[in-house]
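Asks: The chain contents come next:
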Amino acid sequence: MQGPVSPAFIAESIAKHSVKTNIGAHDIFLGQVRNDVINGKEVKAIAYSAYEEMADEAVYRIREDAFEKYDLTCMHIYHSLGLVRAGEISLFVFVSSAHRGAAFDACREIVERIKKEVPVWGKEIFEDESYSWKQNKEAI
Amino acid sequence: MQGPVSPAFIAESIAKHSVKTNIGAHDIFLGQVRNDVINGKEVKAIAYSAYEEMADEAVYRIREDAFEKYDLTCMHIYHSLGLVRAGEISLFVFVSSAHRGAAFDACREIVERIKKEVPVWGKEIFEDESYSWKQNKEAI
Amino acid sequence: MTVKVLFFGPAADAAGRSELVLEGAVDTDELRQRLLGLFPKLRQLGFLMAVNKQVVQEKAVLGNQDVVAVLPPYSGG
Amino acid sequence: MTVKVLFFGPAADAAGRSELVLEGAVDTDELRQRLLGLFPKLRQLGFLMAVNKQVVQEKAVLGNQDVVAVLPPYSGG
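Protein chains in written order, with the numbering used here: chain W, 2 to 141; chain B, 2 to 141; chain Y, -8 to 68; chain Z, -8 to 68.
Honestly, the hints are just simulated from the structure, not real lab data. In this text, all values refer to a predicted model and were calculated from it rather than measured experimentally. Quick reminder that beta carbons are idealized off the backbone N, C-alpha and C, glycines included. Any given hint could turn out to be false.
Claimed, not checked - Restricting the straight-line Cα-Cα distance to at most 20 Å, the calculated cross-link-like pairs of lysine-lysine (PhoX-like) are:
1) W:K117 with W:K70
2) W:K124 with Z:K32
3) W:K117 with Z:K44
4) W:K138 with W:K116
5) W:K45 with B:K17
6) W:K42 with W:K124
7) W:K17 with B:K45
8) W:K116 with Z:K44
9) B:K45 with W:K21
10) B:K116 with B:K138
11) B:K21 with W:K42
12) W:K45 with W:K124
13) B:K124 with Y:K32
14) Y:K44 with B:K117
15) Y:K44 with B:K116
16) W:K45 with B:K21
17) B:K70 with B:K117
As the list claims (entries may be wrong) - If you want the footprint, here are the derived chain W segments under chain B, 3+ residues with CB under 8 Å:
18) 8 to 19
19) 25 to 36
20) 84 to 93
Unchecked claim - Part of the chain W face toward chain Z, derived, beta carbon under 10 Å:
21) S50
22) Y52
23) M55
24) E58
25) H80
26) V119
27) P120
28) V121
29) G123
30) K135
Extracted from the complex, chain W is given alone in its bound form (with noise of 0.2 Å):
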């Protein structure tokens, strides 16, 4: 999705599993911009691009391999693209299912596949407008 992704989008995607009646477990993991400081500069930003129609199909096929080897009811996974400022979320993987394990494996599982499959890039702006390109801390 453009931009962060919002409390209140959050919030409307819980309640949507309201009717799911057979869910009994919920995981949400959300990533959130830190303010990092960088040789002496702090992060107020960071900008993400990706490599969109690759992204699609590493993230479909996460998502197919997760319900292939867990037990789960649904999931959604949403990336920030764009402009996302310090304190904003970039990141929002929501994992249902019966019992807790479930979810709490899966979610996991997904957060880390996602960091290693997902050709998306952040690029951190400081409050200069210089910037620095983000390195995860398990890079390829």
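Assemble the complex: chain W is given as a structure, and chains B, Y and Z must be docked to it using the hints.
Replies: Just chains B, Y and Z now, kept in the frame of chain W:
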């Protein structure tokens, strides 16, 4: 809290964290009441009761232990008391940290400990107003 | 010497009440036996006891005015 | 025979462009060498290549009109 945890309340909780720009990861667990079928009758709600003073102490201990063990920024735990209908949320655990590992580990451990250590009981109420006492899979 | 006994969840159903004041129970083992005698339905339930909000796993001596909670397996979440 | 090369994230910075059409590259190893020659800043970046959206870990033969993406380490989330 009395009654179900509303999606709007969850959204407000998330929104409040946007000022904490040292947070990079939130893990949120939500327990939702399932319409299990027990002896042919469908659960329409659970009425929760607790030994409240002891429950408060148990939650306090779980909080303290998690802050001690994991590098967390903040943590919020809410369990419903009173009536929660099938599809509504009865447990809300919200754990935030700079990096995702701590949030994931702590959230899961907190949920397991809540189920084991907090004196709360759920009375499953069926469509015909009869009831049975809920049994958790990992009981004492 | 009196102790106050609190019954929670299915234990309140089994005892038909949420509290009870008992005289002369000296320790938790003796109290457990008296409760099982008074309320036989507690037998199939299984329960722990907490004395003044502390769960006791072994026999504990009771003091005057202690509050003893009868705690069947928890089922929160 | 032409291939279209797409540059993403820091690779677009290093190449100063987001795409480029190249003639005559027969496989991904040869293409990599040509790209490093054209855009030396790609060296320090490190990158994988995807041919028609499939990441290739070993040398792959290129066909006419293939789309090759230059993918520096991902940093989503």
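Asks: Taking the hints in turn, state whether each one holds.
Replies: Going down the list of hints, with the structure as the test:
Of the pairs offered as hints, the one joining W:K117 and W:K70 holds, with about 18 Å between alpha carbons and a cut-off of 20 Å not exceeded. A threshold of 20 Å between alpha carbons decides the hint, and for W:K124 with Z:K32 the separation of about 17 Å falls inside it, so the pair holds. Using a Cα cut-off of 20 Å, the hinted pair W:K117 and Z:K44 holds, with the two alpha carbons roughly 16 Å apart. Proposed proximity of W:K138 and W:K116 is supported: the alpha carbons are some 10 Å apart, at most 20 Å.
Simply put, W:K45 and B:K17 have alpha-carbon atoms about 18 Å apart, close enough for the 20 Å limit, and the pair holds. For the suggested pair W:K42 and W:K124, the alpha carbons sit about 14 Å apart, so the restraint of at most 20 Å is met. Restraint check for W:K17 and B:K45: the C-alpha separation of about 18 Å stays at or below 20 Å, so the hint holds. Only pairs whose Cα atoms come within 20 Å are accepted, and W:K116 paired with Z:K44 is accepted, the gap being roughly 17 Å.
A C-alpha spacing of about 13 Å is found between B:K45 and W:K21, which places the hinted pair at or below 20 Å, so the restraint holds. Straight-line distance between C-alpha atoms of B:K116 and B:K138 comes to about 10 Å, which keeps the hinted pair within the 20 Å bound. Between B:K21 and W:K42 the CA atoms are separated by roughly 18 Å; this keeps the pair inside 20 Å, and the hint holds. Straight-line distance between C-alpha atoms of W:K45 and W:K124 comes to about 11 Å, which keeps the hinted pair within the 20 Å bound.
The straight-line distance between the Cα atoms of B:K124 and Y:K32 is roughly 17 Å, inside the 20 Å bound, and the hint therefore holds. Only pairs whose Cα atoms come within 20 Å are accepted, and Y:K44 paired with B:K117 is accepted, the gap being roughly 16 Å. Taking the CA atoms of Y:K44 and B:K116, the gap is near 17 Å; set against the 20 Å cutoff, the hint holds. Annotation: proposed proximity of W:K45 to B:K21 holds, straight-line Cα distance about 13 Å (limit 20 Å).
Of the pairs offered as hints, the one joining B:K70 and B:K117 holds, with about 19 Å between alpha carbons and a cut-off of 20 Å not exceeded. Counting residues of the stretch 8 to 19 of chain W whose beta carbon lies closer than 8 Å to any beta carbon of chain B gives 9, which reaches the threshold of three, so the coverage claim holds. Requiring three or more residues with a Cβ within less than 8 Å of a Cβ of chain B, the coverage given for the stretch 25 to 36 of chain W holds, as 12 such residues are present. With 4 residues having a beta carbon nearer than 8 Å to a beta carbon of chain B, the stretch 84 to 93 of chain W meets the requirement of three or more and the stated coverage holds.
The restraint placing W:S50 at the interface with chain Z holds, with a minimum CB-CB distance near 6 Å, inside the 10 Å limit. Evaluation of the W:Y52 hint against chain Z yields a held restraint, the C-beta minimum of about 5 Å falling below 10 Å. At its closest, the beta carbon of W:M55 sits 4 Å from a beta carbon of chain Z; the interface hint therefore holds under the 10 Å criterion. With its C-beta approaching chain Z no nearer than about 6 Å, W:E58 sits inside the 10 Å limit, and its interface hint holds.
Look at W:H80: its Cβ gets to within about 6 Å of chain Z, closer than 10 Å, so that hint holds up. At a threshold of 10 Å, the smallest CB-CB gap from W:V119 to chain Z is about 5 Å, leaving the interface hint in force. At about 6 Å, the closest approach between the beta carbon of W:P120 and any beta carbon in chain Z falls short of 10 Å, and the interface hint on this residue holds. For W:V121, the interface hint holds, since its Cβ comes within 10 Å of a Cβ in chain Z; the closest pair sits about 3 Å apart.
Because the beta carbon of W:G123 sits about 5 Å from the nearest beta carbon in chain Z, less than 10 Å, this interface hint is met. Among the interface hints, the one on W:K135 holds; its C-beta lies about 4 Å from the nearest C-beta in chain Z, closer than the 10 Å criterion.
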